[in-house]
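Going down the list, the protein sequences come from chains A and B.
The opening residue of the first sequence carries number 6 in the working numbering; numbering runs sequentially from there.
The opening residue of the second sequence carries number 442 in the working numbering; numbering runs sequentially from there.
Hints listed in this document are in silico derivations from the structure and should not be mistaken for laboratory results.
Nothing here was measured: the structure is a model prediction, and the numbers come from that model.
Heads up, some of the hints might be wrong.
As the list claims (entries may be wrong) - Covered by chain A, per the in silico footprint, the following chain B stretches (three or more residues, Cβ under 8 Å):
#1 443 to 452
#2 455 to 469
#3 480 to 490
#4 505 to 513
Stated by the list, open to error - Calculated lysine to aspartate or glutamate pairs in the EDC-like style (CA-CA distance at most 20 Å, straight line):
#5 Lys545/B / Glu88/A
#6 Lys538/B / Asp470/B
#7 Lys89/A / Asp549/B
#8 Lys547/B / Glu88/A
#9 Lys545/B / Asp470/B
#10 Lys480/B / Asp470/B
Stated by the list, open to error - Computed far set for chain B versus chain A, every beta-carbon distance over 12 Å:
#11 Lys538
#12 Ile539
#13 Leu540
#14 Asp543
#15 Leu544
#16 Lys545
#17 Gly546
#18 Leu555
#19 Arg556
Heads up, the beta-carbon is just placed ideally off N, CA and C, and yes, glycines get one too.
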Amino acid sequence: MIDIITALSFAILSIALVITFVRLVRGPSLPDRVVALELMASLTVGFIGVHAVSSERFSFLDVAMVLALTAFLAAVGFARYLEKGGLRSDD
Amino acid sequence: MIDVLVALSMLIGALFMLLAAIGLLRMPDLPMRMHATTKAGALGSGLIMIAVALHFSSSEVTARVIAIIGFIMLTAPVAAHVIGRAGYFVGVPLWHKILQDDLKGKYDATTHTLRSPDIDSQDIEQPPRDH
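All chains should be built: construct the whole structure from the sequences, respecting the hints.
Right, dumping it as structure tokens:
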């Protein structure tokens, strides 16, 4: 049963990742892309959780923890870079 | 019994993340997109992590899961706030059907200072409070 559940979760998360990638490509502005990247990192944390269950190895959770940390730092860095850049229009 | 809980938690978490992605694609402007991704994304990854903790049901896994969930819950609002603030400053256009922008005219985007002109001049009547 747990195999079916993990496979289904992988499928759902993959669809979500594709949809997020569409928004990442389409933009239209740079903050939209940053939000899409943030959601991608969050989705990857979910992927790692499902993979830890399906492979019965809980060491992957350390990767998820580091990834969540890095995504937060990346978001703050992006926002700082955007804000210091001043007014802009990148349509 | 635990398997059912794991399955439910994992599937609901994955569906919430799908919901966050759909919201990111379909919502019309940046604050609404962040409204969709921040809350649903954090809840989805949190539910998947709870499923992991229930599946392994050992103390070391549970400690890591609590650390991950606590970290997600702490950082997601901060990251959303910072990105939303930056998005407002760089002039990302709001949706054309937005009726009210409370910061408009009160926030100096170049010096990043908030000023409220109503306080300095006493003769200006207060805006109506009821909505």
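Here's how the hints hold up against the structure:
1. 443 to 452: Since 5 is at least three, the answer is holds.
2. 455 to 469: holds (count 9)
3. 480 to 490: Coverage by chain A holds here, the residue count being 6 at a Cβ distance below 8 Å.
4. 505 to 513: Coverage by chain A holds for the stretch 505 to 513 of chain B (6 residues, Cβ < 8 Å).
5. Lys545/B / Glu88/A: holds, 17 Å
6. Lys538/B / Asp470/B: holds, 10 Å
7. Lys89/A / Asp549/B: With Cα atoms ~14 Å apart, Lys89/A and Asp549/B stay inside 20 Å; holds.
8. Lys547/B / Glu88/A: holds, 18 Å
9. Lys545/B / Asp470/B: holds, 17 Å
10. Lys480/B / Asp470/B: holds, 16 Å
11. Lys538: The claim stands: Lys538/B keeps its Cβ more than 12 Å from every Cβ of chain A (closest is about 17 Å).
12. Ile539: Non-interface label on Ile539/B holds, nearest chain A Cβ at 16 Å vs cutoff 12 Å.
13. Leu540: Nearest chain A Cβ is 21 Å from Leu540/B, so the label holds.
14. Asp543: holds, 19 Å
15. Leu544: Its Cβ never comes within 12 Å of chain A, the nearest being 15 Å, so this holds.
16. Lys545: holds, 15 Å
17. Gly546: holds, 16 Å
18. Leu555: Given that every Cβ of chain A is farther than 12 Å from that of Leu555/B, nearest at about 15 Å, it holds.
19. Arg556: Correct as stated: the minimum Cβ-Cβ distance to chain A is 18 Å, above 12 Å.
The structure meets every hint from the earlier list without exception.
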